[in-house]
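Enquirer: Please model the entire structure based on the sequences and the hints provided.
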Amino acid sequence: MTAPSSETRPFGTIRGKLLRILALCLTVVVVLLGIEVASVVRRDLAARATSESVTVEITVQRLVHEVQRERGISSVFLSGHYEFGPLFQEYRARTDAAQREVVQLLGQVPADTAAAVRPMLDRLSDLSATRSKIDSKTIGFNASHDYFTERIAALNQGYLDFNLINDRELQHGLFAMRSLANAKERTGQQRSFLNGIFNSSGNRFRDDEYVTLLDILANKQVALAEFTRQATPAQRQRLDRAQSTQVAADIAKAERIAVAASGGALPERVNSRAHHDWMTAYIDELQGVLQSVADDIQGRADTLQNEATTELVVVILVVLLVIALLLWMFVDTNRSIIGPLAVLAEDAEDIATRRLPEAVAALQTAQEHERPPPPEPMRAPAGAGAEIHSVTRALDRVQSTAFALANEQTVLRRNTSESMANLGRRNQNLLRRQLAFITDLEQEELDPAVLANLFQLDHLATRMRRNAESLLVLAGTTSPRQWTEPLPAVDVVRAALAEVEDYHRVVFRRIDDQLVAGAVAAEIAHMLAELIENGLSFSPPEVEVEIYGRRVPNGYTLAVIDHGIGMSADAMAKANTRLGGKENFLVAPTRFLGHYVVGQLAKRLGVQVNLAESPASGVTARIVLPTSLLVTGPATRPVAEEEPELLRRAHVIPPQAVPESAEPVPAPVAVAVLEPEPVPDNVTQHQRPSGERTRNGLLKRVPRNQGSNQNRGVRAVPKPPVTDRTPAQVRSMLSDFRGGHKRGERASRDSPMDQAGPLPVSHQNAEEPR
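Per the numbering used here: the sequence shown = residues 324 to 1093.
The set of hints was computed from the structure by calculation and includes no laboratory data. All C-beta atoms, glycine included, are put in the ideal place defined by N, C-alpha and C. One thing to keep in mind: the hints can contain errors.
Unchecked claim - With a Cα cut of at most 25 Å, we get these calculated DSS-like pairs of lysine-lysine:
{"hint": "1", "residue 1": "K905", "residue 2": "K926"}
{"hint": "2", "residue 1": "K543", "residue 2": "K576"}
{"hint": "3", "residue 1": "K926", "residue 2": "K897"}
Said to hold, decoys possible - Distance windows between CB atoms, simulated:
{"hint": "4", "residue 1": "R874", "residue 2": "A668", "range": "51 to 59 Å"}
{"hint": "5", "residue 1": "E906", "residue 2": "F861", "range": "54 to 62 Å"}
{"hint": "6", "residue 1": "V645", "residue 2": "A548", "range": "47 to 55 Å"}
Expert: Rendered as structure tokens:
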């Protein structure tokens, strides 16, 4: 049986569906984790950029610090303290070194960061020219102060947008550093500005210098207050320590003196050189606090970067772990479901195609007392899941149930075959007795009409016996009609004709001489009868069926050729399958039982039977007898007492004319007729047939009470068949001849002398009871 197309072509396999599920899960996981990875990567990049920016900012602040120092020394020099001239080279060298450090750092940071800082450095491009003016004293105090202040303001401007930094601690640190840098710048401005005031000739403020000082001091206080608000407690403590030194106290005292002047003369004089040293030391302290804040910021940025890198690594590891877990789950599912399911499918296929059919075949071929073992139980593959184990147990139960059902069917079939064989034997025994009784009636009957009816009844009973033998064949029982002596092939063919209905439509075309083993003669005749019956049934009533028999290198071939409607190629192929014994008759329609009978006999005897198209129309059935069924030697006809019943019934078939051919053709069997002939005087009167003839051309026999003492004899002469006689007339003639001959035999057994005559043709049933 074939499954529907929807089952034979399912939509995808389990492996494919699992792959689709895996692909979907991987896609979702990769997308979600990809978003997380992207976020972590952005944070990592931001932290890395922040760390780099803080590094640049701190480096720029070191440059600012050095520029502030150079501004202070320049202001002092321009204020009239020329003794500071030797310090110019040291301060300027340190400024140049800080500037080179910034330039070198910009080559290592991203291009956007370098592009943001480089314009600030460009403002120092004219630093060398300004230095030359300071050395030549061609620039005033205020101009020099303003120049350095503007460049420092540009460097302190920065480029970082603190609002873009997500970490609050880092934001506060950057704001604190920026505020402290502003406070330091204001302190530097205060140093430069007050040095000029303290070193002035009038020791007083001129014009708006006082206002400028107040602005510087106010901005410094604002910056320090902003630092206090943004800085951490530790950073505030460091600033407090810097402001609580003696230097800070001296600076505060000088600052109070300057403020107390209220824009006029200073209440007391301050040593400008000492004030410069105080301010320089204090600014260095502020630079230390600024550097510590920068270090804190750098540490926080590095921490953020490390945390982002760690998170990125963890996320990537989680992604890889999830992917590996999904792959492992797929592999485990494949190992526990798909792989075992494939093995289970192969095992089920092996059960369906080999193991169970072999076990069933062993059951069917086993003897009654034998019990073949059941097929091996199904076992779940190693590592299979619980569902596979359940399916395995279910399939094993199906296999056990199928084997048990096959066992029951085998027993039922065996019982059916035995019942068929028993019924066939009973019918055969009854038919044998019926045929014997009909034979006795034929021997006693003299009326041609009644005798013809008896012949018809005899023929019907013979065909019924063939049907009974067909039951025995289908039941697997050998034919009981076996003889030790071989029989001629022509007699086997004629015996087959005796078992078909329209035998007069069958024509012998050529039958080569050949002896067939007596043990298989009846079965071969049975096969021929079935094939001839088919040829007669499927050809028009007026068309003859031809029979050929030829010796071939590998045996003897009998061909039954009809000129009927023929068969299609598919029907012929199925018929050849049945004729080869490869199909069970229990699954076929009853109209093909003849094919199965022939197939069973052919399989048992090793005979090849096949159907093919006839040259013109119809079907040709060929039976190839192997050499093992043939006998070499002259054909001898048994005497009447030993003649097989198969032949005695075959002799009722009238001979048929065989067309002339270049090849030798066996001569037709002659029909014995009686002619008057003188005989010895010692023949009794009742043994002499009368000279009168019946309407069928046979000599009338004289009843015993009407016999004369005249001696008469009989002799057999061949006489060609009367062409205008019907088969019924021929049977009547033969019956008269046979009945008279039998009566003569019974009389001769009572007479002291035997009567000579031709070879008798008897219809006596001589088969052994079975």
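Enquirer: Look at each hint and say if it fits the structure.
Expert: Going through the hints against the structure:
Under the criterion of a C-alpha separation no larger than 25 Å, the hint pairing K905 with K926 is consistent with the structure, at around 9 Å. With a CA separation close to 16 Å, the supplied pair K543 and K576 stays within the 25 Å bound. Pair hint K926 plus K897 holds up; C-alpha atoms about 16 Å apart against a cutoff of 25 Å. At roughly 54 Å, the beta-carbon separation of R874 and A668 lies within the given 51 to 59 Å, and the hint holds.
At roughly 20 Å, the beta carbons of E906 and F861 sit outside the given window of 54 to 62 Å. For the hinted restraint 47 to 55 Å between V645 and A548, the CB-CB distance of approximately 52 Å keeps it satisfied.
The earlier numbered hint that this structure contradicts is number 5, and it is the only one.
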